[in-house]
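From just these sequences and the hints, can you work out the full model?
Protein chains: 2
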Amino acid sequence: MTTEAQMRAAMQAYIDNFNRQDLEAIVDLYADDATVEDPVGSPPKAGRDEIHAFYQTALETGARLTLSAPIRASHGNAAAMAFEVALNYQGQDMVIHVIDVMTFNDQGKYSSMKAYWGPEDMKPV
Amino acid sequence: MTTEAQMRAAMQAYIDNFNRQDLEAIVDLYADDATVEDPVGSPPKAGRDEIHAFYQTALETGARLTLSAPIRASHGNAAAMAFEVALNYQGQDMVIHVIDVMTFNDQGKYSSMKAYWGPEDMKPV
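These protein sequence lines map, in sequence, to chains U and F. Just so we're aligned, residue 11 is where the first sequence starts under the numbering used here, counting upward by one. Just so we're aligned, residue 11 is where the second sequence starts under the numbering used here, counting upward by one.
Note that these hints are calculated values from the structure, not bench results. Model, not experiment: these values are computed from the prediction. Some hints here could point you the wrong way.
[As the list claims (entries may be wrong)] Some chain U residues judged to face chain F by a derived CB distance under 8 Å, without partners named:
#	residue
1	Ala41
2	Gly86
3	Trp127
Even for Gly, the Cβ is constructed at its ideal location relative to N, Cα and C.
In structure tokens form, the structure reads like this:
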């Protein structure tokens with residue numbers, strides 16, 4: 011069982027690793043058989059290779075993540091956090107409002123990630 | 011298919027109905043066969059009677075909900091929102107940091123709700 015404190019630390023590590031542009035450290039937060047659905051409603055990525063490729067592309071945007079509110083845990087094996095993604099898309103500064111939900115395996119790795127954001131959550135700034 | 015705008019409106023209605031203490035209006039946001047897992051990790055409530063009883067108890071606390079950040083939608087049939095719950099528990103003013111994730115059926119009703127908050131998300135203020 012992964013503790014509440016471990017889940018919170020692993021959520022914060024996602025933000026920090028992303029902002030350090032540390033691709034390998036992001037991917038290491040995931041279990042080898044994890045899935046990523048970002049955004050929810052798109053085809054999930056599954057397994058280490060697909061997840062690595064997904065974050066390689068994501069980091070190439072130069073995006074920066076900022077928590078919108080404190081990380082939430084749960085009474086189970088899941089946690090959630092609201093954050094903003096700031097990026098430049100084709101010369102335009104943009105912000106995306108996102109909520110990520112992660113589930114955890116017993117080793118404290120993410121077994122799944124779902125990113126909730128829709129077309130109207132991405133806006134020019 | 012429920013539109014992004016319909017999902018956002020139905021999420022905002024949850025906050026507004028709760029703060030008006032309108033039990034029937036909250037329950038009417040749910041499909042008849044919906045499930046509620048609040049907090050995640052507790053036994054889910056299923057169906058209209060259990061959901062009605064859950065919110066009757068919740069409203070008796072006098073809790074007030076305030077969004078922490080804009081509601082997030084998705085590219086699918088789901089939306090999410092971060093909010094704070096202010097309540098008085100045994101004479102002590104408390105706040106709970108929560109993220110709710112709702113999935114929607116084709117009629118725009120919630121088919122499921124999961125509330126992410128852990129023991130450490132509830133604090134005295």
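Here is how each hint holds up against the structure:
no. : hint   : in the structure
1   : Ala41  : 19 Å, violated
2   : Gly86  : 3 Å, holds
3   : Trp127 : 5 Å, holds
In terms of the numbered hints stated before, the structure departs from hint 1 and from no other.
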